[in-house]
Amino acid sequence: MILIADSGSTKTDWAVLGAPGGSSVRIATQGINPLLFTDDQIDGVFRQELLPRLDEAGVPASEVSEVAFYGAGCTPQQSPRVAMLLSTLFPSAETFAESDLLGAARAVLGREQGIACILGTGANSCVYDGDCITAHIPPLGYVLGDEGSGAVLGRNFLNGILKGWLPATLRDEFFAESGQTYDDIIQRVYRQPLANRYLATIVPFIHQRIDEPSLRQLVADNFEAFFRYNVLRYATPLRRMACVGGMAAPFQTILSEVASRHDFELVRVMRSPIEGLMTFHRP
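Heads up: the sequence shown at position 221 corresponds to 279 in the working numbering, and the numbers run straight through without jumps.
These are computed hints drawn from the structure, not numbers from a lab.
Computed from a predicted structure; not experimentally measured.
Just so you know, even glycine gets a beta-carbon here, dropped at the ideal spot from N, CA and C.
Among the clues, some could well be false.
Stated by the list, open to error - Label pairs and their calculated CB-CB ranges: (1) Arg267 <-> Ser81: 40 to 46 angstroms; (2) Arg329 <-> Leu296: 20 to 26 angstroms; (3) Glu235 <-> Ser150: 48 to 54 angstroms; (4) Leu296 <-> Lys69: 28 to 34 angstroms; (5) Thr294 <-> Gly199: 40 to 46 angstroms; (6) Asp269 <-> Ser150: 53 to 59 angstroms; (7) Glu235 <-> Pro341: 45 to 51 angstroms; (8) Ser318 <-> Leu220: 29 to 35 angstroms; (9) Gln171 <-> Thr68: 45 to 51 angstroms; (10) Ser318 <-> Arg255: 47 to 53 angstroms; (11) Leu296 <-> Val201: 25 to 31 angstroms; (12) Arg267 <-> Arg111: 20 to 26 angstroms; (13) Pro196 <-> Gln171: 20 to 26 angstroms.
Produce the complete structure using the sequences and hints provided.
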């Protein structure tokens, strides 16, 4: 049996290939980020959440032959920690941990070459050769970068309604629907943690009103910046790209239009990479 994980900072999706009866099993645990978690915290999630849920699904740890873990924070320095902790729980398995970006690339491009992108709360991209990442531009987070992300879209939207370059009707609707005031927004962005996640929560409000020309342009401009400062910086002749994430999926049409303007073909979009990873690792 093969155990696959796609882990963010808040949630980890797990899938088992070759479970008893020939079926696949899907479970979820809290997110695991080795940049933020100690070894004891990671081990606690594995032992208190993962193993009991595998047991409930009839998947004995002793019969897992391979563990493929893709996660946020799995840098070359941190990945060995996660792999080592997994190997103690699955002694018969070959285990490895890699970045969520490699996981996204394998999910959306499989064994094919192209530009792989994550467009969610944050944004990331790479050149992928069908197995590994060959080039990568750092996204830099929502303060210094993350063009194309939900956090940056939310930030730009708030800038527009508070400074008045977006229609006043949008400002009034946002205040009424969210129950927030100007002071609430400033408090949430500057004085509370995880401002990037807060900013990304505005994305559904925008998506529900995407027929509003100013919002459609706002989304398009965000994707244009993603291409200008990220995708177009790669010295590669590759023109196939595929994306995963909560910004790519709902705004796929606009993303495809922007990609076409830069002579890229958007070949695949997924909201979550776990299904694609199951296909990639299926024997």
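Hint-by-hint comparison with the structure:
no.	hint	in the structure
1	Arg267 <-> Ser81: 40 to 46 angstroms	holds, 41 angstroms
2	Arg329 <-> Leu296: 20 to 26 angstroms	holds, 24 angstroms
3	Glu235 <-> Ser150: 48 to 54 angstroms	holds, 52 angstroms
4	Leu296 <-> Lys69: 28 to 34 angstroms	holds, 31 angstroms
5	Thr294 <-> Gly199: 40 to 46 angstroms	violated, 24 angstroms
6	Asp269 <-> Ser150: 53 to 59 angstroms	holds, 54 angstroms
7	Glu235 <-> Pro341: 45 to 51 angstroms	holds, 48 angstroms
8	Ser318 <-> Leu220: 29 to 35 angstroms	holds, 33 angstroms
9	Gln171 <-> Thr68: 45 to 51 angstroms	violated, 31 angstroms
10	Ser318 <-> Arg255: 47 to 53 angstroms	violated, 31 angstroms
11	Leu296 <-> Val201: 25 to 31 angstroms	holds, 30 angstroms
12	Arg267 <-> Arg111: 20 to 26 angstroms	violated, 39 angstroms
13	Pro196 <-> Gln171: 20 to 26 angstroms	holds, 22 angstroms
This entry does not satisfy hints 5, 9, 10 and 12, going by the numbered hints stated previously.
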